[in-house]
Amino acid sequence: MTSTWNHPEPDPLRNWSSEASQADSLPELANLYRQHQPAEPSERAWQTCQMGIRKRLALTGPARSRLSWLAGWFLTATAACVAAILLARFQLFVASVDNEQAAIPAIVSRSATTDEDEPFAVAGAAEIHIIAMNPQDADRIVTGLDYLGSFELASQQDIEVVGVQADPTGGTWPRLDRRSALPLVVTARLDEETP
Amino acid sequence: MSAAVSLSPEPSDQQLLARFAGGDATALDELFRRYRSAAYRVAHRLLGNEADALDAVQEGFIKALTHLRGFQGRSAFKTWLLRVVSNAALDLGRQRGRRETLSLDTGDCNNVELLTFDPSGQALEQADLRALLDEALQTLSEAQRQTFVLYADAELTYREIADVLGISIGTVMSRLHYARQKLRAYLSERTVS
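Protein chains in written order, with the working numbering: chain C, 2 to 196; chain P, 36 to 228.
In isolation and in its complexed conformation, chain C is listed as follows:
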C-alpha cells in the first residue's frame, strides 16, 4: 500500500471563522479552549513525575524531624535579626539624605497597576433594589453573580419599551414588551461593550 504523508503548508488564515466567532461569548470561548487541550502525557511520564514528587517529599515532607524544625526556627530568627539591623541602618541613612535634600521637591511615581486591572463594580442581588429606571438605560442592566450560570441574553431587538408609567410611590416604571419569553437580562450593544 502506498500512502502519502499529509503535510500541507501551514496557513495562519485557515478557515476557522466559526471557531473565531466563539470568542464573542466568554463561555463559548472557554469551551473552545477546553475542546483543544493538549494530549495527556504517557503513563510513563506520569510515573516519572510522581516518583519525583515522592522523592522530594521524602526529603522535605511534612514528617520532618524535630531537629530540622529547630534548625529552621534558628535560621529564621537569625535572618530576622540580620534584616532588622540592615533596615535600621538603611533608615538612618535615608533620614540623613532627607535632611540634606529637604528643599528638593519629591517625585511621585504612579502605581504600576494598569487600567485593565481595574475591578468592575460588583454588588450582590441583596444590595440592589431597582425602584425606577430610565427606558434609555434598559440596555445597561448587567447581571450579578447569581446569573453567571447558563442563561440567555435578550438583545435590544428583543425588547420594546412601550411606555413609561408613574409609580404611586414615586419615580416611574418602564413598560416593556418582551417579544419572547426571554428573561429580562439585556446585553450591552457591541459598540458600547467597553465599560
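It is worth saying that the hints were derived from the structure and are not from the lab. Treat the hints with care, as some may be off.
Stated by the list, open to error - With a straight-line cut-off of 25 Å between C-alpha atoms, the simulated PhoX-like cross-links for lysine-lysine are:
hint: 1; chain 1: P; residue 1: Lys113; chain 2: C; residue 2: Lys56
hint: 2; chain 1: P; residue 1: Lys113; chain 2: P; residue 2: Lys98
hint: 3; chain 1: P; residue 1: Lys98; chain 2: C; residue 2: Lys56
Starting from the known structure of chain C, arrange chain P on it as the hints suggest.
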C-alpha cells in the same frame, strides 16, 4: 445466597490529606491520580510544552503538600493545588522564556501530531488550531492569562478564581472581559470568513 458487597466510598480530599500528614504514601498517589490532569492542563496552557508542564505539576504538588498550613481548608484542595501549580508554571515560564517554548520550529512534544499520517488532515488542523489558540493567549498580560486559564481550563468559578488569586470578583470579571476582547481580536485577525 448472594454475597454482600460493601462499596466503600472514595475517601475525601480531607481524609487523604490527613492520611498523607500521617505518613501514608498511598494517599499521595491517590491525590496525584485525582488532580494530575487538571494541573497538567493549566500548566501546559501557561507553558506550551509537555516537559515544562510536567515540571510545573511536580513543583506544584510538592509546594501544595509542603505548605498545607497556608491551605487551611478554606477552599477545596483542587483549588489550592491549581493556584500553586499556576504560580509554579508562571515562575518556570519566566525562568525559561515562554516564547521560545511556543515556537513551532522547536521540537515541541505537541507538534508530534504534525508528523502523524492523517489522510484527512484533521489532526493537523486540530494541532494548528491549538497552536493558534496558544498564540492568542500570548497576547494577554500574565495576570489575564492566568485568570483566563483558571476559568477555561481549570473550570473554576469566578468566586474560586477570586479566592485563588486573592483578588475581588470584580477584578476577575474585568480581567476576563479584557482577555476575551484581546483573544477575539487576535483570532479574528488570523481567520478568514
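Quiz item: Hint numbers the structure violates, sorted upward?
Solution: none
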